[in-house]
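Residue strings, one per chain:
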Amino acid sequence: MSLNEISTGDVIKKQIIYKMRTYKGAFTTLMFVQLLGILFSLGGTGSFSMGGIYTVAGTQYSSMTVIIFTGIWAFVTAVLLTTKEDRKHDFVFVTNRLTSNVSNAVFLGIISVISGITAILSGFLLAVILILINSEIILHLGGGMYGVSTAAAGIFSTSLYILMAAALGYLAGSAVQLHPVMKVVIPAAFFGFLFSGWVVEAGPLFAMVFLEESIWLFLVKMLGLAALCFGLSAWMTDRLEVM
Amino acid sequence: MGATNLIIVLGLIILAGVFLMIGKSQTFGVRPGMRRVRNFVLAGYGAVLAASVLIVFLFHSGGEFHPDDYYEAENEALLDRVSAGNLNQIDEKFLRGHYTFTYVGNELDLEMLMNSHGNVSLVTEPADGNNIELYHFSGSSHINGYDITDRFEPFRAGLNELEEQLWVSIPEDDRISVSIFEAVFPARQFADGGVSATFYSDYKQGPHIIYLKIPENISFSYETYDFFDVTEVEG
Chain A
1 MSLNEISTGD VIKKQIIYKM RTYKGAFTTL MFVQLLGILF SLGGTGSFSM GGIYTVAGTQ
61 YSSMTVIIFT GIWAFVTAVL LTTKEDRKHD FVFVTNRLTS NVSNAVFLGI ISVISGITAI
121 LSGFLLAVIL ILINSEIILH LGGGMYGVST AAAGIFSTSL YILMAAALGY LAGSAVQLHP
181 VMKVVIPAAF FGFLFSGWVV EAGPLFAMVF LEESIWLFLV KMLGLAALCF GLSAWMTDRL
241 EVM
Chain B
244 MGATNLIIVL GLIILAGVFL MIGKSQTFGV RPGMRRVRNF VLAGYGAVLA ASVLIVFLFH
304 SGGEFHPDDY YEAENEALLD RVSAGNLNQI DEKFLRGHYT FTYVGNELDL EMLMNSHGNV
364 SLVTEPADGN NIELYHFSGS SHINGYDITD RFEPFRAGLN ELEEQLWVSI PEDDRISVSI
424 FEAVFPARQF ADGGVSATFY SDYKQGPHII YLKIPENISF SYETYDFFDV TEVEG
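The listed protein sequences correspond, in order, to chains A and B.
In this text, residue positions in the first sequence follow my numbering: the first is 1, and each later residue adds one.
In this text, residue positions in the second sequence follow my numbering: the first is 244, and each later residue adds one.
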């Protein structure tokens, strides 16, 4: 029996630091994913044509593809955190399911912020490349230096979207750990939902959650949904047998 | 293949790629000798991103940005000045084209060869001598607040003496290509809200004005429906 008493907070803190060191390679993957996103964005992410006496034809560029790819990266990283091999790492420390889940959630929160920042900043790298290719490009930054605050809002919302993707990945990964049949059920449910009429039916619900106009309400909704996903994951993994 | 489908396909490829890259290595680990290289690469990536932000914000103007009402006020002032015949008070940036024709006939018909007439106004002014002067003024046009007025080619104009016609037409190159980069796409939902969070471009085309100085001895005619507005200025 050890005479040292260690608090839950200390364990969680140690696990987070450990994960930040162990999963450094995930950031290498993030970098490649974002560079790939930039590459795909060079062809434009949208176009428009407006008539009149003159026809104005435009090509839109944005970091949207980078953000989507980053979201996928966060989803996959979260899924991998729930695998049996990765969960074993937590037991290097004195731990229980609660500390493991909390440290995972905090770790995913931290990588969401980091990847949110790099996703938005990689948009500026894309802009520099586009300036070199096309000197007449209009940079819509919200108007001069005001763009700095818009960029901050962009980082904020992107981090929350990525956190949401990570939370969903963690939930999906935990469900798979609960029963292997989920490996089939989850993708089937996802694609079934995507290609059925339900996705249209659910459109207003998604719009209500994701297209929130108030930045603070958006924060509350996103954190609430992420907490729900992590809570469900914790509830599911609590039922797993001890490794 | 639509852009959305393309993104879905690319997303699935990325998903597969990410799984392939890290799926089998639960620790995302690299060999000890490679850690320094990895740290160096990550630091380099961070430095490149930071440098990009500095370049964009400090060294690239990104085009002249003004709110919509700025352009409206500019265009109203332009219309007022042209309608009053005060050409010397008009900023040169609005002048797209200027033609001078010598005509000895007594009758002249203005022929508009346009695909769309909704935004063209005509101002006529009686003048001395035999010279017809035609000015093409273009009001400020913008996309998302960025001025694109200087990208408009001037209207073409010519005199057909046999037919007693002065013709005005759109330029051969009436297509303006613009490329817009939006660095902070997700933030739009807070600025513009709802559906506007997705891509949209706000294009406002300024008025086009044909200002004609016609010799007093010429009987000049035109179709009023070709123009949004017609004003006759005292000579």
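I should point out that these hints are in silico values taken from the structure, not numbers from a laboratory.
Each hint should be verified, as a subset may be incorrect.
Using C-beta positions, here's what the derived DEER-type ranges look like [stated by the list, open to error]:
| # | chain 1 | residue 1 | chain 2 | residue 2 | range |
| --- | --- | --- | --- | --- | --- |
| 1 | A | Ile186 | B | Leu285 | 30 to 40 Å |
| 2 | B | Leu285 | A | Phe190 | 29 to 39 Å |
| 3 | A | Phe191 | B | Glu415 | 26 to 36 Å |
| 4 | A | Ala202 | B | Glu335 | 33 to 43 Å |
| 5 | B | Arg281 | A | Ser214 | 55 to 65 Å |
If you only want the chain A side, here are some residues facing chain B, beta carbon under 7 Å, derived [said to hold, decoys possible]:
| # | residue |
| --- | --- |
| 6 | Leu125 |
| 7 | Ile137 |
| 8 | Phe195 |
| 9 | Val199 |
In this text, all values refer to a predicted model and were calculated from it rather than measured experimentally.
We put the beta carbon where it would ideally sit given N, CA and C, even for glycine.
Each hint, compared with the structure:
Look at Ile186/A against Leu285/B: about 32 Å separates their beta carbons, and that is inside 30 to 40 Å. Leu285/B and Phe190/A have their C-beta atoms about 32 Å apart, which keeps the hinted 29 to 39 Å range intact. A hinted range of 26 to 36 Å is violated for the C-beta pair Phe191/A and Glu415/B, which are about 50 Å apart. Checked against the hint of 33 to 43 Å, the C-beta distance between Ala202/A and Glu335/B comes to roughly 55 Å, which is inconsistent with it.
Between Arg281/B and Ser214/A the C-beta distance comes to about 40 Å, which lies outside the given range of 55 to 65 Å. This hint holds: Leu125/A has a C-beta 4 Å from the nearest C-beta of chain B, less than the 7 Å allowed. Look at Ile137/A: its Cβ gets to within about 4 Å of chain B, closer than 7 Å, so that hint holds up. Using the Cβ-Cβ criterion of 7 Å, the hint placing Phe195/A at the interface with chain B is not satisfied: the shortest such distance is roughly 11 Å.
The beta carbon of Val199/A comes no nearer than 12 Å to any beta carbon in chain B, farther than 7 Å, and the hint placing it at the interface is violated.
In the structure shown, a violation is registered for the earlier hints numbered 3, 4, 5, 8, 9, in ascending order.
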